[in-house]
Amino acid sequence: MGRADFTYDFPHDRLITVDDLNPLDIGILFERAEHWLEVNRTPDKKHDVLKGLTQINLFFEPSTRTLASFELAGKRLGADVVNFSAANSSTKKGETLADTARTLAAMHPDLIVVRHTASGAADFIHRETGIATINAGDGMHAHPTQGLLDLFALTRRMGDVGGKRVLIVGDILHSRVARSDVGMLNLLGAEIRLCAPPTLLPNDVDRWGAEIFHDLDDALDGCDAVITLRLQRERMSGALIPSEREYFHFWGLTERRLEFAQPDCLVMHPGPMNRNVEIDSALADNRERSLILDQVEAGVAIRMSVLEQLGTRARKNARHIR
Amino acid sequence: MTGITIRNARLVDPATGRDELASLRVENGLIAAAGDGIEQDGDHLIEANGAILAPALIDLRATIEPAFTPSGETLDSLARAAAAGGVGTMVIAPTRETPIDTPEAVSGLRSAALPLPVKTLIAGGATPGLAGEALAELGLMAECGAAFISHGNTPLANTATARQLFAYAAGFELWLASPARDAALSSGTVATESEAAARAGLAVELTASERLAIERDAVLAELTGARLMVDRVSTREGLEALARARKRGIEVCATASIAHLALNAVDADGLDPAYRMTPPLRSEEDRRALVAAVESGMIDAVVSDHRPLSGDLKAQPFAEAAPGTIALENLLAAMLGLVHEDELDLVSALRPLTSGPADLLGLPQGRLEECAPADLILIDGDAPWVLDTRDSRSARRNCAWQGRRFQGQVLMTMVDGCIIHNLRE
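Heads up: the protein sequence lines correspond to chains A and B, in order.
Residues in the first sequence are numbered from -7 upward in steps of one, following this note's numbering.
Residues in the second sequence are numbered from 792 upward in steps of one, following this note's numbering.
In isolation and in its complexed conformation, chain A is listed as follows (with noise of 0.2 Å):
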């Protein structure tokens, strides 16, 4: 359904969660995302949509990615862009995360992008602040915009994901990203499937409407998609992985594997990769596959997408307050 059919506004002043989201407002974020994406080919990449905005990145967990593709998605709208990452942060002088956000709301900035290790860190700076903000990933619990590229990407290479079976294989536990997808595949219609050993999958599992798997080849049989996570160092050589060996060996996504899925099957991960962890090197590297590069274009267009729609209400919001 376009847009052009009846009239609806992107109504959201946050992006803390994608349960947040209805259809409509995906269709919207795509919608535009589409033509960023266009648009970030050429070689005019700077438009001022969000001329005279200023967007605040505030990072308190290590970010490379992340951090530049909310930067550069900013900067591409024309906003100014300031980064504050936890390593010159005041919270390292003992500055609670209230005092932060209040001092960082007297600089007056539209738009907020947060991460921190504590689930429910952006939704409390939204509700400190009243700040337009978006969730850049906090704790375990959301990382709405990665969701949205995810799906994105997805659909740009096979169509509507409605009835489509994808599989999400690795560390869902502590994974804010299998959180966020399983979330927007719920709301796409997809049929999904999480595999994992049992010592990385939450308690509440059963109640995510997804199919779940210990077993990667029984997981495999039939899918469309398979969304592979990072499983992080800490995690390998404890009480819950034994050994990047037996991870591999039993989770580890190789092409031999994914010949029990559809033969055209995509093969995606949000990165950094554990290469031969998780996913078999050239598996990683075969592009009629692997979605991974994909997915980092998809990231740039799809956050300018959700700046543009979050910017544009706070400064419609702004002029209403005036």
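Keep in mind the hints are simulated off the structure, nothing from the lab.
Since this is a predicted model, take the numbers as computed values, not measurements.
Glycine residues also receive a C-beta, built at the ideal position from the N, C-alpha and C atoms.
Warning: the hint list may mix true and false statements.
Here's a subset of chain B near chain A, in silico, CB distances under 10 Å, partners left out [to be verified]:
(1) Ala925
(2) Leu929
(3) Phe963
(4) Ala1017
(5) Ala1163
Computed footprint of chain B on chain A, listed as stretches where at least three residues anywhere in the stretch have a Cβ under 8 Å from a Cβ of chain B [as the list claims (entries may be wrong)]:
(6) 185 to 194
(7) 233 to 246
Dock chain B against the given chain A, drawing on the hints supplied.
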């Protein structure tokens, strides 16, 4: 095709409850037929003269010593002891000294055991070094042929780690043998709490330690869907906890050691270090409850818990002596003792030594069935003998039954149709 026919035998098959005088024919290492008039021309004939013919025993718990231990128990000596004791299949369990905690270790032991006359299975160590701190490579060990996973004799102290272990093992549908003792409550103890133990000044273990461990493990098994093997239940309280777990529908099985079925704490009253065990020997009341649990089928497998130890480790004051006894060679005789004392009937006594453990591990042997492997023992149920460790096939002499009189002897042991022990020649 020529085969072997064993004539005039009392066929006792715990899997079906069969107990009758008949013949049994073996061909190509398998049981070809059982009944009357089944022998064929050219068969090698064995005249049983009414002796008991039963499936060879399956022992889910024996241990070896580290390779190159001076005068230590090797796979060869262990297999000789097993064959003499009527054991056709044995499982080597991990210990702190031989933790069998990598797929390489499992493969290595399995390869080393291939030439042995006795079928030898390996239980993989559940955590590296059995330290209880991280997961061992359970999946790869299973791929390398581990029969199940065990935490040896070391209780899992950390419940959070235990939960992850149970969950991980559940994913591979592996039995997880967990010793039924609370780590902290049992630490440093050498005897079961009793007046006698108190008078003797021994550090005592509460029987509640076993109950707590079983209750905890049952909760974890329920939470994770793991298959819990209660590794050697020995008290009435522990059996009650086991019964409650079964009632809740948890997938749980249990073993008991022959020492706890045949001996009690009174045997150890003289502070003879030969009776130092883990778990410690229990009261007569506990022993009777355990025998009743064998009869009712609550106990799936009776194990030798064969633990070879050097004389130096045993020749210590009771409290300082290393725990454990060798038992492979008298496992059956001690069990038959319960039959002679009218505590158990023969089929109930043999079931946890044959079809019980076979069913747990999905083994084809352990039954007198057509096409089952011809793993058999011929027993003179009444023959008297006296245990003298100088005659032992085991490399070690630490036997709690030294000097005991037994009634019932293994005359012949056959594995896959090959006679591996024979007293009749």
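Verification of the supplied hints:
no.	hint	verdict
1	Ala925	holds, 5 Å
2	Leu929	holds, 7 Å
3	Phe963	holds, 8 Å
4	Ala1017	holds, 9 Å
5	Ala1163	violated, 30 Å
6	185 to 194	holds (count 3)
7	233 to 246	holds (count 7)
Against the hints set out earlier in the document, a violation occurs for number 5 only.
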